[in-house]
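Participant: Going down the list, the sequences are from chains H and U. In this text, residue positions in the first sequence follow our numbering: the first is 1, and each later residue adds one. In this text, residue positions in the second sequence follow our numbering: the first is 1, and each later residue adds one.
Possibly wrong hints are sitting among the right ones.
[To be verified] DEER-style ranges, computed between Cβ atoms:
#, chain 1, residue 1, chain 2, residue 2, range
1, U, L69, H, N125, 32 to 38 Å
2, U, D264, H, A17, 27 to 33 Å
3, H, T129, U, Q152, 39 to 45 Å
4, U, K262, H, E114, 43 to 49 Å
5, H, N45, U, Q152, 25 to 31 Å
6, H, N125, U, P111, 49 to 55 Å
7, H, A17, U, W15, 50 to 56 Å
8, U, L18, H, V51, 48 to 54 Å
9, H, N122, U, A172, 22 to 28 Å
10, H, M154, U, A70, 42 to 48 Å
What the hints contain is simulated information worked out from the structure, not anything from laboratory work. Keep in mind it's a predicted model, so treat the numbers as computed, not measured. Glycine included, C-beta positions come from ideal geometry on N, C-alpha and C.
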Amino acid sequence: MIPLNKKAIIAFVTMLAITIYAGAYSSALSRSEIVHFWVAVPAGNVTSPMVARGAGPPINLAPISIDLDRRGVLKNWLSPDIEAISTHWIYNVGKRPVKVQMELVNCSIPVKWEVNANFEYNPDNHTFTQPLMPGQSIPNLGIDWIFQIPAYYMDERVIYDGGLMIKDANTGALLTFIPIKIVRGGGETSGGASCCS
Amino acid sequence: MLFMRAKATLIKNRWRYLSLLVGFLLFVAPFALLTRAVYYLMGNVAQPTLHTICLRMPIDWIFGAPYRLAGSVMAAFVIVVLVTSIFFGPIFCGWLCPVGAVSEGISRALPIPDRFRLQIRDTKVTVGLRYGFLLGFIAVAVLVGYSIASSQFSSICCRYCASSVLQNLTDALFGNPSAIEYWHSGSILSLVGWLVVGGLFMAGGRGWCLFFCPLGALSSLAHRVGARLGFYRVDFDPKRCLDCKKCSESGPQGICPVWAIKEDRTVERTLCINCKECVNLCQSGAYSFRRGWNGAKQAA
Numbered sequence: 001m002i003p004l005n006k007k008a009i010i011a012f013v014t015m016l017a018i019t020i021y022a023g024a025y026s027s028a029l030s031r032s033e034i035v036h037f038w039v040a041v042p043a044g045n046v047t048s049p050m051v052a053r054g055a056g057p058p059i060n061l062a063p064i065s066i067d068l069d070r071r072g073v074l075k076n077w078l079s080p081d082i083e084a085i086s087t088h089w090i091y092n093v094g095k096r097p098v099k100v101q102m103e104l105v106n107c108s109i110p111v112k113w114e115v116n117a118n119f120e121y122n123p124d125n126h127t128f129t130q131p132l133m134p135g136q137s138i139p140n141l142g143i144d145w146i147f148q149i150p151a152y153y154m155d156e157r158v159i160y161d162g163g164l165m166i167k168d169a170n171t172g173a174l175l176t177f178i179p180i181k182i183v184r185g186g187g188e189t190s191g192g193a194s195c196c197s
Numbered sequence: 001m002l003f004m005r006a007k008a009t010l011i012k013n014r015w016r017y018l019s020l021l022v023g024f025l026l027f028v029a030p031f032a033l034l035t036r037a038v039y040y041l042m043g044n045v046a047q048p049t050l051h052t053i054c055l056r057m058p059i060d061w062i063f064g065a066p067y068r069l070a071g072s073v074m075a076a077f078v079i080v081v082l083v084t085s086i087f088f089g090p091i092f093c094g095w096l097c098p099v100g101a102v103s104e105g106i107s108r109a110l111p112i113p114d115r116f117r118l119q120i121r122d123t124k125v126t127v128g129l130r131y132g133f134l135l136g137f138i139a140v141a142v143l144v145g146y147s148i149a150s151s152q153f154s155s156i157c158c159r160y161c162a163s164s165v166l167q168n169l170t171d172a173l174f175g176n177p178s179a180i181e182y183w184h185s186g187s188i189l190s191l192v193g194w195l196v197v198g199g200l201f202m203a204g205g206r207g208w209c210l211f212f213c214p215l216g217a218l219s220s221l222a223h224r225v226g227a228r229l230g231f232y233r234v235d236f237d238p239k240r241c242l243d244c245k246k247c248s249e250s251g252p253q254g255i256c257p258v259w260a261i262k263e264d265r266t267v268e269r270t271l272c273i274n275c276k277e278c279v280n281l282c283q284s285g286a287y288s289f290r291r292g293w294n295g296a297k298q299a300a
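Make a model of the complete structure from these sequences and hints.
Facilitator: See the structure below:
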């Protein structure tokens, strides 16, 4: 056994406290910086927090609202004009296979799509060309939408008010719509999920 | 003089530095040779990156969401690292990990005067800090994973991720400058903690590994158990020691990058990464890499 001394105990407790605080700070940041969210199809228009049940596990969905003024000090100092949202989870909770096609609605600011998955994907129309079976999720998924906010937009109260629309590429039917809002001020944040959960 | 000693360090540890370079090529995209091969064999069409072998998420899952471990390449990788640590010590940390390699490389290559570099001489304090972090990491994983306080806490493994920063910097270096366009508070803190404070301004450049890597902390615990059982470890023979104190020096020529040599020159297993720098550089041969029962209990 390591003989303990006072300094070691103080070091241990201090680091424990710092790490737990880091977990709390991470929670605060997760609502306003690179917000992660879950997607289930079909879930309809997600107007308020809901749980989509069906094939596979229950999935929590919520509209996303990001207040840029609530981001961390470092972010606001060093990289204020780029913000991102991300998902690692798209589940088919329905009863039939769907071909997932994604679209950011009402978007007038440049957005970069970064998609990586163990699923065939066509970047030209943002469509997973392989059918997603009931109860299945897209494996090894990582999608980042990086919003490059022009300087003149940064003074606006509402920078983006639209959403992520998911359609069945085969039929064109709307499967899920998740509203997304990026604002400055007002303290509204919602929709963040732990990215490792 | 300093240059000569740094050169001697480089020559004597050339196999380790070469191995660290191989580790970079095995795990970091655009190379990611090992994970690329694994994905190829599995028929996985995703692009492998350093995230393919996340060093943190499976540990978060062990304590907060064990059902996620099944069938995961990440989990398999972490389990292999922990099991090999029992038999051979934390050789992934010391010989392969690209995150530790880059910060250690920067610390050794950039000529910052020793007086600006932090080193904690008391190994018990270093151990306290290291395992305080590990317990905090586990506590947050449990609080979030079992929904005990999931609205107040969020997992810290992805928010403060040096692997992401390294992967993004490498992507930028190899033709995709937009990879470093997006920075969030956590990635800025990680960059500073990993490369600037933990790398440049810490003797040995392994500050991130020592204080913020749960896999490193668990690997060293596994090594402690393995050493007690007689598996590979670095032992110190006080009879051969000339008391030159070179093993506890800091700086680019310093011997132990993880400050594992105690005041009495024995090795603190819960910090040691079996890099063998002490074995290679000790002129009197007081340190040896060995296995077997002889002295194992005393050494552990």
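Participant: Are the hints correct? Go through all of them and say.
Facilitator: The hints, checked one at a time:
| no. | hint | in the structure |
| --- | --- | --- |
| 1 | U:L69 to H:N125: 32 to 38 Å | holds, 36 Å |
| 2 | U:D264 to H:A17: 27 to 33 Å | holds, 31 Å |
| 3 | H:T129 to U:Q152: 39 to 45 Å | holds, 41 Å |
| 4 | U:K262 to H:E114: 43 to 49 Å | holds, 47 Å |
| 5 | H:N45 to U:Q152: 25 to 31 Å | holds, 30 Å |
| 6 | H:N125 to U:P111: 49 to 55 Å | holds, 53 Å |
| 7 | H:A17 to U:W15: 50 to 56 Å | violated, 41 Å |
| 8 | U:L18 to H:V51: 48 to 54 Å | holds, 53 Å |
| 9 | H:N122 to U:A172: 22 to 28 Å | holds, 26 Å |
| 10 | H:M154 to U:A70: 42 to 48 Å | holds, 45 Å |
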